[in-house]
Amino acid sequence: MGATKTSEKAVPAETHAVTECQAIVIRFAGDSGDGMQTVGDQFTASSVVAGNDISTFPDFPAEIRAPAGTLPGISGFQIQFGSTEILTPGDAPDALVAMNPAALKGNIADLNEQGLLIINIGAFTPENLKKAGYDVDPLEDKTLYTRFRVTKVDINQLTLDALQDVELKSVGKMRCRNFFALGMTYWIYDRAMDTTLKWIETKWGRLPAVAEGAEKTLKAGYYFGETAEIELPRYRVERAPIEAGVYRKISGNEALILGLVAASEVSWQNMVFASYPITPASAILEGLAQLKNYGIKTMQAEDEIAAIGAAIGASFAGGLGVTATSGPGMCLKSEFLGLAIITELPLVVIDVQRGGPSTGLPTKTEQGDLLQCMFGRNSDSPVPIIAARSPSDCFDVAIEAVRIALRYNTPVVLLSDGYIANSAEPWRVPSVKSLPNLVDPPADPGDEFMIYKRDPDTLARQVIHPGRRGYEHQIGGLEKNERGQVSYDPENHERMTRLRAGKVNGIARSYPKTEILGDDSGKLLFVGWGGTYGAITVATQRLRAAGQSVSSIHLRYLNPLPLDLVDILSRFDKIVVPEMNLGHLTLLLRAKYLVDAVQIQKIQGRPFTVTEIVEAAKEML
Amino acid sequence: MGKTESQQDPVAVEERKQTRRDFVAPADVRWCPGCGDYAILNTIQSLFASLGIPREQFVVVSGIGCSSRFPYYMNTYGFHTIHGRGPAVATGIKLANPDLAVWLITGDGDGLSIGGNHLLHLMRRDVDVKVLLFNNKVYGLTKGQYSPTSDMGMVRKTTPLGSIDQPINPLCFALSSEATFVARTYDTNPKHMASVFRAAAEHHGTAFVEIMQNCVIYNDKVWAPVSARDVRDDKMLVLEEGKPMTFGNDNQYGIRLNGLNPEIVDVGADGVDALGLLVHDEHDVAGSTAYLLARMQPPDFPLPIGVFRAVPRGMTYDRAVEHQIAESIDQFGHRNLQALMMGADYWEVKEGEEGVESFHDEEYERYSLDEELAIMQEQSYEADRYRSDPLFGALRTRINALQVHYGSARVLCVEPDTSIAKAITLMKEHALESLLIVDEHKLRGIITSRDILMKVVLTDMDRETTPITAIMTPRPDVVHEWNTVGDAINKMAIGSFRHLPIVNESDDYGMISVQELLGYVYEQVKT
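Chains as they are written, first to last, in the working numbering: chain P, 1 to 621; chain A, 1 to 527.
Treat the hints as calculated values from the structure; they're not laboratory data. Heads up, none of these hints are tricks.
Listing some non-contacts, in silico: residues in chain P with all C-beta distances to chain A over 12 Å:
1) Leu-144
2) Arg-175
3) Ala-546
4) Gln-601
5) Glu-619
Here are the simulated BS3-like pairs of lysine-lysine, each with C-alpha atoms no more than 25 Å apart in a straight line:
6) A/Lys-17 <-> A/Lys-191
7) A/Lys-350 <-> P/Lys-198
8) P/Lys-292 <-> A/Lys-442
9) P/Lys-433 <-> A/Lys-350
10) A/Lys-491 <-> P/Lys-433
11) P/Lys-523 <-> P/Lys-592
12) P/Lys-574 <-> P/Lys-592
13) P/Lys-292 <-> P/Lys-433
14) A/Lys-221 <-> A/Lys-191
15) P/Lys-480 <-> A/Lys-143
16) A/Lys-157 <-> A/Lys-143
17) P/Lys-142 <-> P/Lys-131
18) P/Lys-523 <-> P/Lys-513
19) P/Lys-364 <-> P/Lys-105
20) P/Lys-152 <-> P/Lys-130
21) P/Lys-105 <-> P/Lys-131
22) A/Lys-442 <-> P/Lys-433
23) A/Lys-455 <-> P/Lys-433
Just so you know, even glycine gets a beta-carbon here, dropped at the ideal spot from N, CA and C.
Generate coordinates for the entire structure from the input sequences, incorporating the hints supplied.
This is the structure in structure tokens:
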């Protein structure tokens, strides 16, 4: 491996002492045009090759290009890498790379005391300071140097120096400066440059000047580390014990795409994916549209309503309709969701949640749509809801959503969120052969076909698709009797309402056992769902390591809730629900189980930190 | 395609005579007595019976409103959806199965008010759906409020001082939405309706038909000033392809252009030809005359009826989606899920070893057997060196040289719901060792006599009711007709199969056995 080789050769141990660390959190921050996401991606790639476990969190502005140098224009990328299992992108960064004054101003509050602060002083011009809203140069504040380990580098100038002989205009040269920062961090954290050098070659091979610029700047940054007169610290993070297998880096939206393709394969369904672009779900439609050779039919509909409508039409005609959206789109889809419920057609609706209400915080994360999905329709209209807990979990959850939709002939809501959608983690790629077989034998109506004749086990109705002779029938939004005739009969309506609810409730019987992290009983139980998984899990581990009687469960199935939940809840003194809303799951648990569940709240568009959960729990213990 | 037992013979369907009665649903029709919808329903039922399309291929879709009860009265597949959203559902149906004949029933409220946006996009996409818009210029189901086609000044409960909304012209809306077929007819003339509906049915693409329909309760006789028997000759202009535009009970009036505007002229003794009247051309691509006709209305002009525009675009939306998929498969090859899941950048962690190896495979999604074939062809000069070797030659021969008979008696394809008992009977009857399970040209699995022996014999499995899917081997390996004899032998050796399904370009399946392959190789080597 390059990593160890380079460090042995380039670093005389006596001048650069290397500190061993278990896990490190770095944040890169700069203008949205500064290439911070590229730097983050590359640091991630090099870290997985170095054998670390990782978790990342990109944080970009809603505006595509907010005015350069201003606070709203800051783009950030945080990564935690470690020699143990890494489940979150980390709370507070141990190191911050600030490419300009705005990046410093917007991020300095998060940096750990005595954390490494790398500042690009080349960008600290009076003009930039003004744009960032600094009246006085923050570099003149003496406390900065006592609170943090500050390294001031004129990255702008050093980049230009390194590229003296390269055929690029100075604007082009300046755009390479992110690679200088990347090179420095590679040296500090003992990463090899190979992966990035290879990537530069692939990405810009056809533009030799750009490729040369990027390569030279990266190397300049790296060698600056060892030759700099200012002494830079060095850290090393050992390999994490990782199960053997083939891995890739995957974000939540990517995993949903692959999960849907895999589900269509293992269920023999022709998938029709109709969607309307909306942040942060658009990438799913974009990704699936690339996969036409997988037989996936995609449609960019005229609006959110048409998207779910087309998906329902596809399911009626014998395909499997899928649509994806975010909160505002969910609002628009609710009437059609009701139609899918009463006509009992398979359908998967993906909701990648973001901050709300209304347009809210399009690029920030929240868990605010649970109650909307649960109840946001007229009348009793139950719909199964499942939630992904991490980027790679999206793959399994997509397959599970398709399983439930097909087996029970029901719409299914799959909840992801902006954090899961955009963060990335390593994913052990399963073998196609290990995927579950979702093929159910085609409906056999026997002598007498009735639309609402139900499977006694699942209560699913018989679905027969147009084109099959002898079973012509009509479905629709009006209440029907078992034979499929429009019916206003009072008893029939109550019976059908109960059957629809009973069918959805019965899905719980197909769940696996709920896994408990920690002891089966004790003082405090965290109950989590969705993207808080990493933070809650690490918080539980920390509290347990400190001797506290704390366990946690993380619910994939939110409606119906698992059957074993009532028993688990009864074995703990205190039920605590950390969720990023004003109390959605908390309300459901209290209403359903009459337990005194309390909530840890955070509604800031950013995920929980481990510390926030640990501190809140300590006060309750 | 191998003979599929439960599938009907297509010839039989065409010969099966369908009548109007076949399309009459058992449900009681619940429109008001005297409603114009009855005549439309009868006309459609007769038309469907005469189109040569089997009943099960029709899907009637609707939104909400009086007209939208239509699907319940048609003995076809039907979907009564939600208000205004029928076009979206119809689009999804065509996406999933473009072979279905989809008819969308809507009204002036459903199609032009709440669902205007969807109708617009259905038409500009040119989804192959036939749209019948029942225009009675009023809301019927909600009891008489004014609609987007109601005349200004209409006094109703929600417009006590008269409507101040400019009405929309359905045909102008359809034309500016780039509909490829636009027509108008009226409910009291079944013959005219039938001819327009038939033209719509035969059009490839979205066909938009406005039907002037009478609401006997809330807007009775709204169309009478133009369509009543005693006035219609003077108030309507019947458009006929290739004919000059004349109207009046004696065809005494004509329409011609004066600059960019139409005018009415008297057809005198000199006859039609002398006047330079407009001649109807529904295939006119430019479309400005169609728009001009659509804007003509009383009191200044007669109201035109008939086909305004019929300009098919070539490939409808639903077919274009399929076409892109086919093209994409041609370009990138069939699905390779494992490669897709691994992506371009992946790394491998090995058991008990220190190293992590990373890979970058730009071509990951382009990997396919077709690619392999191309490489093989490139290297064919190498093969030339060995051509003189009969064994090598035999192994490099394409399988189709063995004359595999697709769909011949030696292979039987059955549907997934075939019972085990039925499968055994078929295998016995045809002396077969295996059956292919095929569903809509997709190979789902294979069953062999070994499966019967190992999984059925001496078990208490109910052979009559259990489908063969329960015992089949799903997603079996297949060879393509362009694969070589060597490829097939190799696959058989690796998987220890004695039979291998073989598929040609049209997705027809055949079967090849180890005996045949070895027999062929022996023949070649011997000579």
